[in-house]
Amino acid sequence: SITQQSFSATNCGWGACIADIYQRRADVLNRGFSGYNSDWFLHFATTDEGKADLFEHEGVRLVTIFFGANDASHPDLNERQHVP
Numbered sequence: 001s002i003t004q005q006s007f008s009a010t011n012c013g014w015g016a017c018i019a020d021i022y023q024r025r026a027d028v029l030n031r032g033f034s035g036y037n038s039d040w041f042l043h044f045a046t047t048d049e050g051k052a053d054l055f056e057h058e059g060v061r062l063v064t065i066f067f068g069a070n071d072a073s074h075p076d077l078n079e080r081q082h083v084p
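For the sequence shown, my numbering assigns the number 1 to the initial residue and increments by one for each residue that follows.
Since the hints were derived computationally from the structure, they do not count as laboratory data.
Yeah, the Cβ is synthetic: ideal placement off N, Cα and C, and Gly gets one too.
Treat the hints with caution; some may be incorrect.
Label-pair ranges, simulated between beta-carbon atoms [claimed, not checked]:
hint, residue 1, residue 2, range
1, 76, 24, 27 to 35 Å
2, 24, 74, 21 to 29 Å
3, 18, 67, 17 to 25 Å
4, 1, 43, 13 to 21 Å
5, 34, 76, 17 to 25 Å
6, 60, 38, 28 to 36 Å
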């Protein structure tokens, strides 16, 4: 996944670079929902479990959310994850 590969030190992933830049000043965490598309994530975010998992953390100053890779899958090749 794009999120997982972002922390690849051998591939100079952007997540690994950010973790290096912010070492001893901030914890950079990698969290992903494997196979999710934006529709599934938005539904999850409105549930009690989703709200707790996503938003109830002390000290969080920055969150980035990436959508698009699964959404953009070809409708004939991957109808399950494609988002029109």
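Here's how the hints hold up against the structure:
1. 76 x 24: 27 to 35 Å: Since the Cβ atoms of residue 76 and residue 24 sit about 49 Å apart, the hinted range of 27 to 35 Å is violated.
2. 24 x 74: 21 to 29 Å: 44 Å, violated
3. 18 x 67: 17 to 25 Å: Between residue 18 and residue 67, where Cβ atoms are some 19 Å apart, the hint holds.
4. 1 x 43: 13 to 21 Å: Because 20 Å falls inside the window, the suggested range holds.
5. 34 x 76: 17 to 25 Å: With a Cβ separation near 22 Å, residue 34 and residue 76 satisfy 17 to 25 Å, so the hint holds.
6. 60 x 38: 28 to 36 Å: The hint (28 to 36 Å, Cβ to Cβ) is violated, given that residue 60 and residue 38 are roughly 21 Å apart.
The structure does not agree with the numbered hints 1, 2 and 6 stated previously, though it agrees with the rest.
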